[in-house]
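Can you build the whole structure from these sequences, using the hints too?
Note that the protein sequences, when read in sequence, are chains A and L. UniProt numbering puts the first residue of the first sequence at 1, with every later residue one more than the last. UniProt numbering puts the first residue of the second sequence at 1, with every later residue one more than the last.
If you are wondering where the hints come from, they were derived from the structure by calculation, not from laboratory data. Keep in mind that the hints are not guaranteed to be accurate.
[Unchecked claim] Straight-line distance between alpha carbons at most 30 Å, and here's what the computed DSSO-like set of lysine-lysine pairs gives:
| no. | chain 1 | residue 1 | chain 2 | residue 2 |
| --- | --- | --- | --- | --- |
| 1 | A | Lys320 | A | Lys249 |
| 2 | A | Lys65 | L | Lys313 |
| 3 | L | Lys368 | L | Lys354 |
| 4 | L | Lys368 | A | Lys73 |
| 5 | L | Lys73 | A | Lys73 |
Just so we're clear, the structure is a prediction, and the values are computed from it rather than from any experiment.
Number of protein chains: 2
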Amino acid sequence: MTDLTQDLLPEGLEDRLPQSAAAAARIQRAMLDAMAGHGYDRVRPPLIEFEQSMARRMDGVRTRKLFRFVDPKSLRSLALRSDMTVQIGRIAATSLADAPRPLRLCYAGQVARIAGDMLDPRREYQQVGAELIGADSVAAAGEIVELAIASLEVAGATGISVDFTLPDLVDTLADGPLPLDAATRETVRRELDAKDAGALVDAGGAAYLPLIHAAGPFEEAVERLAALDNTGALGSRIKGLRQIAERIKGRARLTLDPSERHGFEYQSWFGFTLYAEGVRGALGRGGTYRIGGSGEAATGFSLYPDALVEAVKADEPMGKRVFLPLGHDRAAADVLRAAGWRTVAALSDSDDGKALDCTHILSAGAAKPL
Amino acid sequence: MTDLTQDLLPEGLEDRLPQSAAAAARIQRAMLDAMAGHGYDRVRPPLIEFEQSMARRMDGVRTRKLFRFVDPKSLRSLALRSDMTVQIGRIAATSLADAPRPLRLCYAGQVARIAGDMLDPRREYQQVGAELIGADSVAAAGEIVELAIASLEVAGATGISVDFTLPDLVDTLADGPLPLDAATRETVRRELDAKDAGALVDAGGAAYLPLIHAAGPFEEAVERLAALDNTGALGSRIKGLRQIAERIKGRARLTLDPSERHGFEYQSWFGFTLYAEGVRGALGRGGTYRIGGSGEAATGFSLYPDALVEAVKADEPMGKRVFLPLGHDRAAADVLRAAGWRTVAALSDSDDGKALDCTHILSAGAAKPL
Chain A
1 MTDLTQDLLP EGLEDRLPQS AAAAARIQRA MLDAMAGHGY DRVRPPLIEF
51 EQSMARRMDG VRTRKLFRFV DPKSLRSLAL RSDMTVQIGR IAATSLADAP
101 RPLRLCYAGQ VARIAGDMLD PRREYQQVGA ELIGADSVAA AGEIVELAIA
151 SLEVAGATGI SVDFTLPDLV DTLADGPLPL DAATRETVRR ELDAKDAGAL
201 VDAGGAAYLP LIHAAGPFEE AVERLAALDN TGALGSRIKG LRQIAERIKG
251 RARLTLDPSE RHGFEYQSWF GFTLYAEGVR GALGRGGTYR IGGSGEAATG
301 FSLYPDALVE AVKADEPMGK RVFLPLGHDR AAADVLRAAG WRTVAALSDS
351 DDGKALDCTH ILSAGAAKPL
Chain L
1 MTDLTQDLLP EGLEDRLPQS AAAAARIQRA MLDAMAGHGY DRVRPPLIEF
51 EQSMARRMDG VRTRKLFRFV DPKSLRSLAL RSDMTVQIGR IAATSLADAP
101 RPLRLCYAGQ VARIAGDMLD PRREYQQVGA ELIGADSVAA AGEIVELAIA
151 SLEVAGATGI SVDFTLPDLV DTLADGPLPL DAATRETVRR ELDAKDAGAL
201 VDAGGAAYLP LIHAAGPFEE AVERLAALDN TGALGSRIKG LRQIAERIKG
251 RARLTLDPSE RHGFEYQSWF GFTLYAEGVR GALGRGGTYR IGGSGEAATG
301 FSLYPDALVE AVKADEPMGK RVFLPLGHDR AAADVLRAAG WRTVAALSDS
351 DDGKALDCTH ILSAGAAKPL
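Next up, the structure:
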């Protein structure tokens, strides 16, 4: 049957059936509740915006992935959102421009892109995140990393690991102790990210070679990075990373890959990626940045829970179900529901409680095993 | 500021800011929890489908309202969903074709249409609903009407009223005691729906005139309808309406408008519309029908909670917020969150708890008024 459904839906789009939908809903609720508990207020931007307004807040690469269509009302081009972060930035810069800072906002919703990628063919996915607007300090980054971990924990993720990066590392060094011209800077960034030592040297970035080896488990890697930093240009960043690491000690396995750039092109001094045991690929990422347009400092993260849903859905509990025979005691059924039972009422004599996945039947005012 | 935001968004699309987003989330959760309690399993169809597959399950009028665009992958036309009911019907007919009946499914999500209407300019809205698949009996209709009311009650709607209709009334009478040819039948349906007595008589539907007056509070209206039914052609329908009415006695004000057709063109013997005090327009509707394609009997309802959100958002409670000063006791903050407090942590000395909407501050391990 599954094949038939897939036939009926475009590539990369799918239905979530009961177990999977229940897992997705539980995970989203748990994440949003964690964010609410830490003072983050939810906002809900629309699915669709003017393409121009959305594109202005994004980089060129990502806008190519938008589903676009002409609005018969305005005759302008609209786009289906592919990322909610830019929408939250817009809200912070407009409707909530006068709200006190730091402003804590969270969100959850579906996003879509016209093409998936090799690792993930999905074209519609769930995005859940939190943004701390008006701050990109070490304290802000620490709160955001901790909240991201807490959100994964309450969602049931285990064996969480966090990989730290310093997105503006090359710029910081090139502006300081290891000067590079603009063209070389770009090549050095790319080859460092690719960890291609030969190409890095060929590009004139030999001085940056040791950074390739400053990656690994956090404590050793940050030591190696500090040892390389004989001018102290990275001093505040290294201190910041250590403070953040201290906050999450014992809650996540921590690594550092200081020259990782891919996916962090628009972050400022700090970025991180989240993983969990048994879940394919990254579960989310975040960091410090400046909001497109307003330029306000911000720190945030986005989680993409679909892969977590896939990992846990087979074991998702569907609740205990009790069958209510014809002519049952309706008040007793109310009591059972209030106590957390899910009731399934007979509509006719031919309804069969067991076939309808009930383990119990309402009998003499109580749930009896079927 | 609000005006600026509206400027940035296409007509009929809007951001939900914190109070409004909190109300929308609370209402959707409450509705889904009520449905889950009655044995309805959530499913989650995608935002986008092939236009053709979606249109085949809808009527021509509604497909004109779909946002459409070409899929660069399949080179086929895709559509953004404007109604989730047809998606649930598709799932029931394909992936869940072999699941035991009656099959209880529920759903919640955003839907969009290219044009709003005079009464409601919104082009994106929330749809929440339940479908009982495999049954369109009086028992099924009763369960569905009761569940719709329960879903509105838990969402905080008050002064709920339900208007019953008999969508196939004219066909039933025209096939029986009050014969009409096919062309006249359509005119009679339309003029009855419009309650235009003159046009009804002109169209040759004089015999149907008394039906115009069989509308009003349920008890009197159903009496008048029964009095008109001297051949007994409507006997089972009238008996069914009375049984459903009996189930919801005391929970909703009940009216009957037996010849109301608008919006029920695709229902079979039973339809209903839901209203609540202080909420503009209908909050939802439902009834018995046959699933497009498979033809399987079903009963269900859809709720459109946006108007309810608008009515309650100003009073939406945002939770009690406690400020956590720099260097606060982190374990004490965990305890407060577990007890339902929302915490707001200082990031720097300049953060001001009162400005950040906190009523309390964590001090000596407890929340003290600020």
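For each hint, the structure was consulted:
no.	hint	in the structure
1	A/Lys320 with A/Lys249	violated, 38 Å
2	A/Lys65 with L/Lys313	violated, 35 Å
3	L/Lys368 with L/Lys354	holds, 13 Å
4	L/Lys368 with A/Lys73	violated, 53 Å
5	L/Lys73 with A/Lys73	holds, 27 Å
Going down the numbered hints, you'll see the structure goes against 1, 2 and 4, while the others check out.
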